[in-house]
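*Asks:* Kindly produce the complete structure, drawing on both the sequences and the hints.
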Amino acid sequence: EPEVTQTPSHQVTQMGQEVILRCVPISNHLYFYWYRQILGQKVEFLVSFYNNEISEKSEIFDDQFSVERPDGSNFTLKIRSTKLEDSAMYFCASSEEVAGGGEQFFGPGTRLTVL
Amino acid sequence: AQKVTQAQTEISVVEKEDVTLDCVYETRDTTYYLFWYKQPPSGELVFLIRRNSFDEQNEISGRYSWNFQKSTSSFNFTITASQVVDSAVYFCALVNNAGNMLTFGGGTRLMVKP
Chain A
1 EPEVTQTPSH
11 QVTQMGQEVI
21 LRCVPISNHL
31 YFYWYRQILG
41 QKVEFLVSFY
51 NNEISEKSEI
61 FDDQFSVERP
71 DGSNFTLKIR
81 STKLEDSAMY
91 FCASSEEVAG
101 GGEQFFGPGT
111 RLTVL
Chain B
1001 AQKVTQAQTE
1011 ISVVEKEDVT
1021 LDCVYETRDT
1031 TYYLFWYKQP
1041 PSGELVFLIR
1051 RNSFDEQNEI
1061 SGRYSWNFQK
1071 STSSFNFTIT
1081 ASQVVDSAVY
1091 FCALVNNAGN
1101 MLTFGGGTRL
1111 MVKP
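Line by line, the protein sequences are chains A and B.
This note's numbering applies: residue 1 is where the first sequence begins, and numbers increase by one.
This note's numbering applies: residue 1001 is where the second sequence begins, and numbers increase by one.
In short, the hints are calculated from the structure, not lab data.
These numbers come from a predicted model, not from an experiment.
Quick reminder that beta carbons are idealized off the backbone N, C-alpha and C, glycines included.
There's no promise every hint is true.
[Stated by the list, open to error] If you only want the chain B side, here are some residues facing chain A, beta carbon under 7 Å, derived: (1) Gly1043; (2) Glu1044; (3) Leu1045; (4) Arg1050; (5) Gly1099; (6) Asn1100; (7) Met1101; (8) Phe1104; (9) Gly1106; (10) Gly1107.
[Unchecked claim] Straight line, CA to CA, 27 Å or less: simulated BS3-like cross-link-like pairs of lysine-lysine: (11) A:Lys42 - B:Lys1003; (12) A:Lys57 - B:Lys1038; (13) A:Lys42 - A:Lys78; (14) B:Lys1113 - A:Lys42; (15) A:Lys78 - A:Lys57; (16) A:Lys57 - A:Lys42; (17) A:Lys83 - A:Lys42; (18) B:Lys1070 - A:Lys42; (19) B:Lys1038 - B:Lys1016; (20) A:Lys57 - A:Lys83; (21) B:Lys1113 - B:Lys1070; (22) B:Lys1038 - B:Lys1113; (23) B:Lys1016 - B:Lys1113; (24) B:Lys1038 - B:Lys1003; (25) B:Lys1003 - B:Lys1070; (26) B:Lys1113 - A:Lys57; (27) B:Lys1038 - A:Lys42.
[What the hints assert, rightly or not] Footprint (simulated), chain B over chain A, 3 or more residues, beta carbon under 8 Å: (28) 19 to 27; (29) 31 to 44; (30) 71 to 83.
*Replies:* This is how it looks when you write it as structure tokens:
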């Protein structure tokens, strides 16, 4: 069964460093997403991406964040200058359907620890 | 604005008991979709169900059942004859038809003791 994959599973970085989290969505999916979950809290939407551009973003997704689909398979989230409060689990997801009811398939997550 | 509330932060039951997880939502949209996800201790998010706003029929899948009531804006989830493997955090979520942003509730941690 096709699945969303994410690398690395755990990333440790120093405050102020740049990190890139990588995701490989399911191959025939058109919509891609990033969510984050601070430890013990709810899952929060960051951004959605369709047709090589951002379609929606939340207030969390400020200028420190960017997304890119550098090739036909990868979807990346970059945090330019990490802060302690960026420590969280970051989930990538993808969906096939255009309308809002499309099931979003989630990857296993990348745990980011900022020291 | 959309909002999902899961008032029960933590529930503890003994194996074989039935348990219901509550979910109440707010949205101004007439077309929307509701979801339940399971997050086991390993951390991944496992899709359980999707329900659109026009389909109020209750659904049963094995030991799982869902009760969607538009009149009370609720989408509750019941596990019958709970098992230890059901121990996880369960999230209810909402998306409107125009967007793809899932709005999650705060989650309910279910602990099933042997």
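*Asks:* Checking against the hints above, which ones are violated?
*Replies:* Failing hints, ascending: 21, 26, 28 and 30.
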